[in-house]
Amino acid sequence: MPINYILPEFEVERNDYRCIRCRVCERQCANGVHSYDPDGDIMLSDETKCVDCQRCVCLCPTHALKIKKNDAALRTNANWKQNTILEIYKQANTGGVLLSSMGNPEPFPVYWDKILINASQVTNPSIDPLREPMETRVFLGKKPHEITRDENGNINTELPPQVELQIPVMFSAMSYGSISYNAHKSLATAAEELGICYNTGEGGLHEDFYQYGKNTIVQVASGRFGVYKDYLEAGAAIEIKMGQGAKPGIGGHLPGTKVGADVSKTRMIPEGSDAISPAPHHDIYSIEDLRQLVFSLKEATDYKKPVIVKVAAVHNIAAIASGIARSGADIIAIDGFRGGTGAAPTRIRDNVGIPIELALAAVDKRLRDEGIRQNVSLVVGGSVRSASDVIKAIALGADACYIATSALLALGCHLCRTCQSGKCNWGIATQDPELVKRLNPETGKERLVNLLTAWKHEIKEMMGLMGINSIEALRGNRLMLRGVGLNEKELEILGISHAGE
Amino acid sequence: MKYVIIGNGPAAVSCVDGIRSVDNEGSITILSKEAHPAYFRPLISYYLEGKSKEENIYCRRADFYQKNHVETVLGEAVAIDKENRIVALNSGENIAYDRLCICSGSSPFVPPMKGLETVEKKFTFLTIDDSFALEQAVDKNSRVLIIGAGLIGLKCAEGLRDRAGKVTVCDLAPRVLSSILDDECAMVVQKHLENCGIAFSLANTADHFNGNTAYMKDGSVIDFDVLVLALGVRPNIGLFKDAGGECDRAIIVGNDMKTSIDDIYAAGDCVEQYDISFGNKRIMALLPNANIGGYTAGVNMAGGKALFDNAVPMNSIGFWGLHIMTAGSYANDGSAQMTEIKDESGIKRFFIKDHKLNGFMIIGDVKSAGIFTNLLRNQTDLSDMDFEALIKSPNLLPFGENYRRKTLRGVV
Amino acid sequence: MMREGEFRNPSGCAIAAVISKEGRRFNAEKIIESMIPMHDRSNGLGGGFAGYGIYPKYKDFFAFHLFFDDRHIKRDVEEYLKERYEIVMSEEIPTRKIPEITDEPIIWRYFLAPLKSVLRSAQLDEKEFTARVVMHINTKMNGAYVFSSGKNMGAFKAVGFPEDVGRFYMLDEYEGYSWTSHGRYPTNTPGWWGGSHPFGLLDYSVVHNGEISSYDANRRFIEMFGYKCTLQTDTEVMAYIADFLLRRKGLTPKEMAEVIAAPFWSTIEKKSDEDKARLNYFRTIYSSLLMTGPFSIVVGYTGGLMALNDRLKLRSMVAAEKDDIVYIASEETAIRVMTPEVDRIWSPAGGEPVIVNVKDGVL
Amino acid sequence: MKRVYVNEEWCLGCHLCEYNCAFSNSGIKDMVKALKGKKITPRIHVEDDGKIHYAVSCRHCEDPLCIKGCISGALSKDENGVVAIDHDKCVGCLTCMLLCPYGSITTDENETVLKCELCMQNGGIPACVQGCPNRAIVFEEVEE
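Chains as they are written, first to last, in this note's numbering: chain Z, 11 to 511; chain R, 16 to 427; chain U, 605 to 967; chain W, 25 to 168.
Chain Z extracted, bound-state conformation:
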C-alpha cells in the first residue's frame, strides 16, 4: 500500500463519560466515520472519512462529540501553507483537478465589513418600525421613461413585466440535482410564504413545483436542461445564466450518479447520464447574440416575463452590464466571486472574479452615468450574509439581493464544502433518498421563513434608524454609507466617503 501523505483533516473528540452509546452518530454519518464495537462496548471513529459536517455533533444527545481541526502540523511556512502542501499531495496522488464547493474561503477583503451605516440624530428623526409603516416591497424590471396619457388625460399605467418582492431578497439559483428535492421544496414554499422568489438553477423545474410558479425564477443555462415552453411560462421571470461567481467562465458538471429518475425527468436527460453545462452558451458568442436569446425568450413567453441576465462579477463588469442593459434584458443579476457552488475546481473558485461590492458599485454608477439605470433592475449575490449586507447592497445601488449560502445555512448546511461528494449529511446537496429525507421541507421552509423574517425586521430597524420608511428611498443612497480602513481607490469605486468625512 502506498504511503498516505494526507493527514486526516479533523479529529473526532468523543467524551467517553458523556457517550451513552445511543449510536445516533453512527446512524447519521453517511461517511461512515463512527461505528460501534459491541465486544468492547465502545464507539470507534475513522477520522479519515470525516468532513466536519457537524451532523453527529448536532445530533448527539449528550453533547459527547466535538469535531476539531487536527492539530497535527507540518512545519510552519508562511509561503508553503499546510493546505497548499496537502493540495500538492492530493494532486500527486490522483492527477486530477482539485474540486471543492460552496464559496471562496480565502482571506480576500470583505467590503461589506468595511462599510458602516448612518443613523439619524437630532436634525432628522429616526422612525420606529413598530409604530410606523416600514415598506420593503420592491419591483424588479424595466421602468418606462416616458409618461403617456390617454385621451382623457389619464396616465397610461401599463408596465413592462415586473417581479414583485415583499423583501428585496431572493433565493438564488441552485439546481434540482445539485440540491435535493426537499431543499427545493423548502425554498419554493418559503419563497411563496415570504412573497419572494427562488430560482430553479439550471436543473429544470420538478413537476411538483410548478404550483409555486409565481414565486419561481426559471433559469436557462448553457446546458438548457429542462427548458421547454411550459417551463418558461411557469415562472415569474426567466434568468439566462451566463456565469456564476464561484466559477466564472466555466460550465457545470452534475455526475450521472446524481441523475436519478426524478432528476432525469426534470432535466430531460437520460437517467444516470452526466449533465454537462458547456462553459459558454453555444449560441452566445457576443452581446448581440445575447440580445437574440433575450428576445427569443420574450417572444416565447409573449413578453409577459421579465428576463434576467446573470453574470459573474469579473474585471470589466461595468461595461458588460451596460451591454446587457441595452440588450433588452429587464434585470441584471451579478454574482460575486464569493458565491457558492455545488462543485467547482478549487483553483477557479479561489482565484477568479471580483468582489460583488465593487462590481455592484461600478455597475450602478456606470448605468447611471449612461442614464440607463432605469432600463434594468440590479440583483446582486455572492455572499450576502446578513440583513446589514442587504442594506449596504441596496444603498450601494442594488434593487435586490440573491442569497443562497445563507439559505443553505438556514437549512442546516455547516459549510463543510464537500457538496461534490453527494453525501450531504444534512439532506441538502444529495440525491440519496435516505439522506434527502433528513431535510423535512416543513422545517426547511420554517427556518427559511424565520431567517428572512428576522432579516426583514433587521432591515426595517436599520431603515428606521436612517429615517427611511421605504426601501426604495435607500436604493443607491450611498450617503448612508461610510467606509472604514479603505483606500482612496476603493472609496472612489464604492462611491462612498470615509467615516469621519
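These are computed hints drawn from the structure, not numbers from a lab.
Virtual Cβ for every residue (Gly too), placed ideally from N, Cα, C.
Heads up, a few of these hints could be off.
[What the hints assert, rightly or not] Far from chain Z, some chain U residues (derived; all Cβ distances over 10 Å): (1) Asp-680; (2) Ser-694; (3) His-740; (4) Gly-747; (5) Arg-824; (6) Thr-834; (7) Gly-854; (8) Arg-887; (9) Leu-894; (10) Glu-925; (11) Lys-963.
[Unchecked claim] List of simulated lysine-lysine pairs, PhoX-like, C-alpha gap at most 25 Å: (12) Lys-320(R) <-> Lys-26(W); (13) Lys-701(U) <-> Lys-663(U); (14) Lys-875(U) <-> Lys-153(Z).
Starting from the known structure of chain Z, arrange chains R, U and W on it as the hints suggest.
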C-alpha cells in the same frame, strides 16, 4: 327505564358504563352476593403474593356507584319472573326490571371426594374472601396442597409460595395448564415453576383424604396443612335456566349479548358466545371478554347499538418472569397449519387456517404479541403479508405504509 | 473649511407662503412679517423669498438672478449669455444697506430672450435650453450662481434672518400674487448666499423645511436626467425633481405629490382601481423619487403653489384661508401675523398636498 | 386531544426518541447520569428495515383494548383521553400487551407495564416529539 343487573363483577360494572353511555336517566340496580364493590377477580392471587393491595383491587373508584346512580342491593336472586319482569331475592324482596343483565359469574366446582369433610383447612379460590381466608390459614410452615394445575391452581401456588413452607400442585391431567397449553409448552412452564419452588404431582390426584393427609391415586401420600381445591368453575346459570332460558354449559348469547328471553341480557363468565377462532359458541371466561361483553350488553339494553362479534379466548399469564400468551384455537387437529419458532427466548406457535391466523401460543418472548391478537380478532388475510418476518420480529412493517399511516398518523 | 456644495448640508427651517386665488398682487410686507415670530426656526445663516407675478413688464422673458464673486466672472457669464440670448435688460438688483446683511456678492438680474437660431440648432425648447444654461453656469462657471431663472417671478435670498433679507431686497416694493419665504437653520455651514432658499429652476421654486433621508437616492436618480446637484441640499434636489416631473414629465402638482410623498402600499390597496393603478405605476417607475424623512415644502410655480408634508408628517405645517388668500406656514402664529382672522385653518395630513391655483384666466 | 403522531416519511431511524423517552421518564436531570451504561426501556420504539423507519408508541385509542383487558384496573383513560398506567395497581400480567394491536406496550425489570403517557408528568410536551430532529414525531390534534 329500570335496569337490573344480577352480579357485581367486571361485567356488571362495564354493563353500567354501557347503559350510561346511552341513558343517563334510567335507574340501575345491582344485586350482589358479595359485600364488596366489584373487584378484579384475577387479583386474588396477586393479593396473596403481595403485589396488589386490598384497596387497589376494585374495578372502579369508590364513588362509581353513586356517580352513576346505581343502587346496590346485597342479596341473592333466587328467581326470575320473565312474564312480569320481576327478580325475586332470597330476602323475599321482589325487584322489577325493564331490562335485566345476568352477570352472575361462576362458582368453584368441587366434585364429591371421599374424606374431604375430614380436612380441617380446605378452601376454594375464586373470591377475595377466599384470599383473606387463606391469608389467615397459611403461615411460613404450612404445607399447601393444591388440587388442580389449571390457571387458578397455579396462580394460587404463585400467590402462596412465599407465604407457605411448601406448595404442591397435583392434577389428574398429565401437564399443567392443560386447557391452554400443549405438552411441550406445558413442560417449559412446569420446569420454570419447579425451578421457582413449586412441587408437582401430575397425572395424579387425591383419591381420598383423612384429616391432613391426601391419599393419591398412584398410592402415594401427601401430608398437608392447607388444602386448596382448584378443580375448575361452573357458570352460575340456574336462575336463568329455571326461568326457561336457553343454556348449554352457560347462558347462550348472541353477539349483542341478548339471551333467548326478551329483555334479558347476559355477560361475563356465565355466558357462552360465538368464538371466531373455534367457529362455535364457547365459554370464554376471561376478563377482557367480560368487560367488552358487559359494556356491549349495557349499550344494547339502553337502546343503543353495539356488537361484540370478535370474541376469542385469550390468556396472558406470567409466573415469576415467565410469560405465556395464548389466543384463539390451537388444537393441532390438522385443520390449521402451524408455524413455529423455538429458540433460547422461548416458543412461538402460530396456527393458520384459510390464510388467517386462528390461534397462537407464545412462551417467553411475548413482546408485541397484541399484533397477533389483532390479526386474529380481525381475521386479517395474511396472503399478502410477510408473516415469517412478522413472527420473527413482531412489528408493523409487514402491514404496509397505508396501515401505518392510518394507525400511527391518525386517530384509532 | 469646505464650501456649500462640497458636503451634504441638512438643515431645519421655517417656511411660509401666501397666494391670492384671484391673482391679486400684493407686496411682500406681510410675508416678511410672518417670518418674525418664527425667528427661532432660523439661525441667521440664510433667508429668502420667491415672488410670482412680480415682473409684469418683462413677463415674456426669463428673469435670471445671479450672484457673482467678482467682475471677471460676471463678464464671462455675460459673454456666455450673449451667445445664447438677447439680453433685454441687465441691472443690479436693488438692495437696501442694512447692518444685518453684509458681505454681499454682486447681485445682478437679466431679462433674457433665447436666440431662435440657437434653439433651432440645439433642437430644444426654450425651457429645456434655459435649464441647461442654468445648469452649465452653476456647475461649470466658478464664482457665478444663477439663483432664479423663471419668467415673471424671482427668488431673493441672502445670508441673514429672513425678515432682514426681505428688507435688504426691498421686497415691500414688489407686488406678486404669490409669495413664498424661508428662514434657514443649517447645521454645519458658514452660510452661503447661494445655499439659501428658495431654490429654483425656471419658474419652479422650492422652500423646504426638513431633512430628507432619501436624499442620495433622489439625487443619484435625478442626476441621470442632466441635473447636477451642486449644493447637496434637499431643496436643490426637490427643485430639480419638481422641474423633472412637472415640466419634463408633464405631471400635475397632485401627481407629483403622489410620487414624492407616495402613499403607503397599505393605503394604496384601499383606493379605487383607477387610483390604485396610477399610484402603483408611480411607485414602480419613480420609486427612486420617493422622499422619506421629514419635510414640509412649498413648491411655487407660475399660477400656483403646492404645499406638501412628508407622508408621516414629521414636520409641522399649517394652512389657512381668508377670503381669496391662502396661507401656509410652519407655524400657525406666522399665519395669524398675516391675518388674525381666518375663514378656515387646518393642518394638512402627511402626503396630502395643498394645491392652490390662481383662477383660470385671471393672470 | 393532542396525541403523538408519526410521519414515517420523515423518520430517519436515528432512535433518539427512544433515548429521549427513557431519559425523560427516568426522573434524573442529567441524561448521561440517567442512561449511561443502562439498557433503556423506552415507551416509544423505532421499527425499521434499513429503508423504512418509524416510531411506535401508544396511540391513546378512542376505545383502548388494553384498558378493556386490564385485570387490575391499572390502565385507565384520564379526563384528557390519555391512557395512563397506575404502577401501584399493575401486577405485570401483560394482558394489555396481548391486546395492544400496535406493540406499544413494554415492561421493565420491575415487571410492571411501561407505556407512553404523553409525558404528562414530564412537562406536557412529549420528549420524543421535542427531541425528534426531523419532525417525524409530532404532538398535535388530528381530526377524527
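Hint by hint, here is what the structure shows:
1. Asp-680: Asp-680(U) is indeed farther than 10 Å from all Cβ atoms of chain Z, at 28 Å.
2. Ser-694: 35 Å, holds
3. His-740: 18 Å, holds
4. Gly-747: Consistent with the label, Gly-747(U) stays out of reach of chain Z, its closest Cβ about 25 Å off (over 10 Å).
5. Arg-824: 5 Å, violated
6. Thr-834: 15 Å, holds
7. Gly-854: The assertion about Gly-854(U) is violated, with a minimum of 6 Å to chain Z.
8. Arg-887: Its Cβ does come within 10 Å of chain Z, the nearest being 8 Å, so this is violated.
9. Leu-894: Leu-894(U) is in fact no farther than 10 Å from some Cβ atom of chain Z, at 5 Å.
10. Glu-925: Label holds. Min Cβ-Cβ 28 Å, cutoff 10 Å.
11. Lys-963: The claim holds: Lys-963(U) sits with its nearest Cβ about 20 Å from chain Z, beyond 10 Å.
12. Lys-320(R) <-> Lys-26(W): Violated, at roughly 28 Å.
13. Lys-701(U) <-> Lys-663(U): Cα-Cα ~28 Å, so violated.
14. Lys-875(U) <-> Lys-153(Z): With a Cα-Cα distance of about 23 Å, the restraint between Lys-875(U) and Lys-153(Z) holds, given a limit of 25 Å.
Hints 5, 7, 8, 9, 12 and 13 from the list above are not met by this structure, while the remaining hints are.
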